[in-house]
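> Quick mapping for you: the protein sequence lines, in order, are chains A and B. Residues in the first sequence are numbered from 73 upward in steps of one, following this note's numbering. Residues in the second sequence are numbered from 73 upward in steps of one, following this note's numbering.
These are computed hints drawn from the structure, not numbers from a lab. Just so you know, not all the hints are guaranteed correct.
[Unchecked claim] The calculated label-pair distances, taken between Cβ atoms and stated as ranges, are:
#1 A/Thr578 with B/Glu284: 54 to 64 Å
#2 A/His178 with B/Ala270: 25 to 35 Å
#3 B/Lys575 with A/Asp180: 38 to 48 Å
#4 A/His178 with B/Glu205: 35 to 45 Å
#5 A/Glu561 with B/Pro441: 28 to 38 Å
#6 B/Asp540 with A/Arg576: 18 to 28 Å
#7 A/Arg113 with B/Gly363: 46 to 56 Å
#8 A/Gly438 with B/His178: 29 to 39 Å
#9 B/Lys575 with A/Gly530: 57 to 67 Å
[To be verified] Straight-line distance between alpha carbons at most 27 Å, and here's what the computed DSSO-like set of lysine-lysine pairs gives:
#10 B/Lys501 with B/Lys571
#11 B/Lys518 with A/Lys501
#12 A/Lys295 with A/Lys336
#13 A/Lys295 with A/Lys392
#14 B/Lys501 with B/Lys136
#15 B/Lys501 with A/Lys518
Glycine included, every Cβ here is placed at the ideal spot set by N, Cα and C.
Protein chains: 2
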Amino acid sequence: MNGAESLVQTLVDGGVEVCFANPGTSEMHFVAALDRVPGIRCVLCLFEGGVAGAADGYARMAGKPAATLLHCGPGLGNAIANLHNAKRARSPMVNIVGDHATYHVHYDAPLTSDAEGLARPVSGWIKRSTSAEVVGRDAAQAIAASRTAPGNVATLILPADTAWTEGGQVAVVPDIARPTPVPSSAIDAAAKAAREGAGTMLLLGHTALTPENLDLAGAIAAKTGCKLIAQVSNARMARGAGRVAVDRIPYPIDLALGTLKDVKRLVIVGTTAPVAFFAYPGKPSALAPEGCAVSTLATPADDIAGALAALAEAVGAKAKDAQRQAASRPELPKGAMKSEAIAAVLGALLPEGAIVCDESVTTGRGFFPLTRGAPAHDWLQLTGGSIGIGIPLATGAAVAAPDRKVINLEADGSGMYTLQALWTQAREKLNVMTLVWANRSYQILKGELTAVGAQNPGRTALDMLSLDNPALNWVQLANGMGVEAVRVETLEALIDAFKTGLKRTTPFLIEVVL
Amino acid sequence: MNGAESLVQTLVDGGVEVCFANPGTSEMHFVAALDRVPGIRCVLCLFEGGVAGAADGYARMAGKPAATLLHCGPGLGNAIANLHNAKRARSPMVNIVGDHATYHVHYDAPLTSDAEGLARPVSGWIKRSTSAEVVGRDAAQAIAASRTAPGNVATLILPADTAWTEGGQVAVVPDIARPTPVPSSAIDAAAKAAREGAGTMLLLGHTALTPENLDLAGAIAAKTGCKLIAQVSNARMARGAGRVAVDRIPYPIDLALGTLKDVKRLVIVGTTAPVAFFAYPGKPSALAPEGCAVSTLATPADDIAGALAALAEAVGAKAKDAQRQAASRPELPKGAMKSEAIAAVLGALLPEGAIVCDESVTTGRGFFPLTRGAPAHDWLQLTGGSIGIGIPLATGAAVAAPDRKVINLEADGSGMYTLQALWTQAREKLNVMTLVWANRSYQILKGELTAVGAQNPGRTALDMLSLDNPALNWVQLANGMGVEAVRVETLEALIDAFKTGLKRTTPFLIEVVL
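Here chain A stands alone, though its shape is the one from the complex (with noise of 0.2 Å):
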């Protein structure tokens, strides 16, 4: 058994069932030996971006690591911005990187690069392997260093000769640490700032947001008065008929600080401390008010529902009384193709059991209200910031949750950063349905420069902020990679082509003219 095959084997045992790859001649071995270990699905991608993407949207709804196979270097540097997100979205990922034999690094050849240097800033955990007998211990480890809270991307390096050479040994995954328990002081702190009821928020991140924990915090708010929120951006929140209801923090500054302005006490679960985006001149970078106490309850890497769960038992709170959102569809919506009327499609028409992606960025800002009573369903959002999630995260929730229909919601400008992903959506043949919002525009800068105080945009600003010469054609783009299409113009438009859809299996996209 050769270092690959120890390796594959390792990942099979250990469960890790799907590898999103994008691969290059330091992983040829690694191929082949994909080919003669069964038990991995391997998805190719042409893009590396796609394989981030996707390796992230399968944690977030499988809840354990695909693995990724990255070519050496800059294979890795162009996964780099969809790490990122998956980073922030704290999802378990076992990102293999392929490089230079150990004796050829030296050589500095064309493609030597710095992958440690690379992987750092997006990585939880990175190791290089030394030699074929220690890649499949290098390999179980990583899938406990990707799984252990709050989840993590973690990064083996694996250079070629540790691939082709024999004495591959295949290695358990080790014990992974449980979720550090919450003390009871900070039960204590938190019973005590959710009692005071109005004034007290608890803001709700990560795991937070499954339905059993949005139970209790339900709970907790019917039995106290506090109140719920989310971060502006969580990497899976459980809503629709039947969930406890929670709101995001906007987006937008101004919204975000007024939405928190009247919080006395803010609470935080699973989660850190509520911040801007970005700095805007004049506002504080931190959103809670000047005077509100902030204490943590719960860290992204804490016991997350053991610390709800003791807390609703110290308020005296039961996850049956929670407040749970009623079945409730807004009607088919008529007239102009506005953000409002979308929203109104998609509470009207949401399927039970969907996984919506949403990387609308501007188009989506007031999608939550109306699609709040639609099925139980799931919303995936870009976690880091990086916008080119989209296609990717959709394709990958797809693989993990065959049964269910993945709706992407996407930007046009953030649609075209990894637009690549689509044909990988063809070749699977996975169910889902992609929106694009085509507004022509990096319509989000538009707004920005106005935020950050850059006045009176001339010409050369504006022409950098849009998309509109030529227009991107998203059905010529899309049937280019094998994926069917529509363009829509009108509300009426668009309630067919969601229709029709909703009827397909296999990858459905509208293009959505705003």
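Starting from the known structure of chain A, fit chain B onto it as the hints suggest.
Chain B in isolation, oriented as in the chain A frame:
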């Protein structure tokens, strides 16, 4: 004047005429400054790999740096692959990366990332501005660093508040160090080796491949009987009728070893010792045969022109005596669509002054012999081995040389990494003809799988190397980004399409089905 305005004015004064941009919120003040301070042409790209590759192509043809404008952290990440290629091409580039405001970084907002860590592996110079007052000075230093031999990616990280704060000061570019003169001992040693004639080979790279320096090398070869060869991958190589014709070291390891096997004395001129692109089991990493004396006349940072002139003088060679390539075009071919026939089409039709961007990978290995006698042209290659440079490179080259025809030879697998740059070609109405070699596979990896000794690939492995399910439709992809395109499946159709493309002055793409 704020920091952003001082940046733009310093760039303008320092001779930077073009900025390839994909900005975000933290760069909005720089975008606004581009309106208020005239003198820079802004070229928008929809993905940062396009930005970096275009700035590289611009630098190769303009001989001076363009600026980039990249979004913080992951935006830089998306550019890394083509920054790596630019570093290997030794292209000057002022790589401007925004970042959070200085005081915002420690809040760890979602986009917070280690910009220096990401920039280090791909930059020859890095600086982070600390206040508006020093932005101009830092930008001037970045220009100087980028232009210091052999050419560098100079990364300047600009926190948002250094842009929007008043107090910016325009700075003058400091003196740029001249390339290092080569000592007479190196000239003497090279002259001694050259005079040995057969058995001596000059390995040329970087600016040793300009027309003038090729003349000197050709004169030395004509006088002494030594041989000339170029590196496997070169940033820019002057070729065609009237130039000294030089072959390249082949990419496949066995051919590379065979090319050098009889060399007794290898003299390096403007490059580094030849090495295998990858390690292959049982094959050496260094390409020079055992016992071959390898010496360096000039490193890439040295005065290459001066060294060649001194060497020519030492051996009594005169540039006018170089053996120059005669004008000679192959007949237009008939028959099957094979690599040699395609080469004949290129050789027969390449126009005077063409700029050939070559990311043909396997398809293009036979292109050199039949294009040697075409009218004078430049040949630009993938220098760093990170595929996905061709479309951006052609974009930047066309911006730098609007009066010349750019012909981009593009492998389909490689083209998919950065296809977004086609949109920029359409937007800027650039004179680029793209030929996509649609073999619908990572053909190179099929060879590499064997070359590294991974025998008998099975279905999983072959699936990872095949792009035919579904087949990409490059006509639709190009049209979707506003680029005119045709598909050809016969040589006759290719010839017709090529002639059509030559008549266009706007982007034109030919999908060549192989």
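> The structure should be examined with respect to each hint, and the outcome stated for every one.
A quick look at each hint next to the structure:
1. A/Thr578 with B/Glu284: 54 to 64 Å: holds (58 Å)
2. A/His178 with B/Ala270: 25 to 35 Å: holds (32 Å)
3. B/Lys575 with A/Asp180: 38 to 48 Å: Because 44 Å falls inside the window, the suggested range holds.
4. A/His178 with B/Glu205: 35 to 45 Å: For A/His178 and B/Glu205 the Cβ distance comes to about 43 Å; the hint holds.
5. A/Glu561 with B/Pro441: 28 to 38 Å: Violated, at about 53 Å.
6. B/Asp540 with A/Arg576: 18 to 28 Å: The hinted range 18 to 28 Å holds for B/Asp540 and A/Arg576, with Cβ atoms some 23 Å apart.
7. A/Arg113 with B/Gly363: 46 to 56 Å: holds (50 Å)
8. A/Gly438 with B/His178: 29 to 39 Å: holds (32 Å)
9. B/Lys575 with A/Gly530: 57 to 67 Å: violated (36 Å)
10. B/Lys501 with B/Lys571: Roughly 19 Å separates the two Cα atoms, so the pair holds.
11. B/Lys518 with A/Lys501: holds (25 Å)
12. A/Lys295 with A/Lys336: holds (18 Å)
13. A/Lys295 with A/Lys392: holds (11 Å)
14. B/Lys501 with B/Lys136: holds (22 Å)
15. B/Lys501 with A/Lys518: Holds. B/Lys501 to A/Lys518 sits at ~25 Å (cutoff 27 Å).
In this structure, the hints that do not hold are numbers 5 and 9, in rising order.
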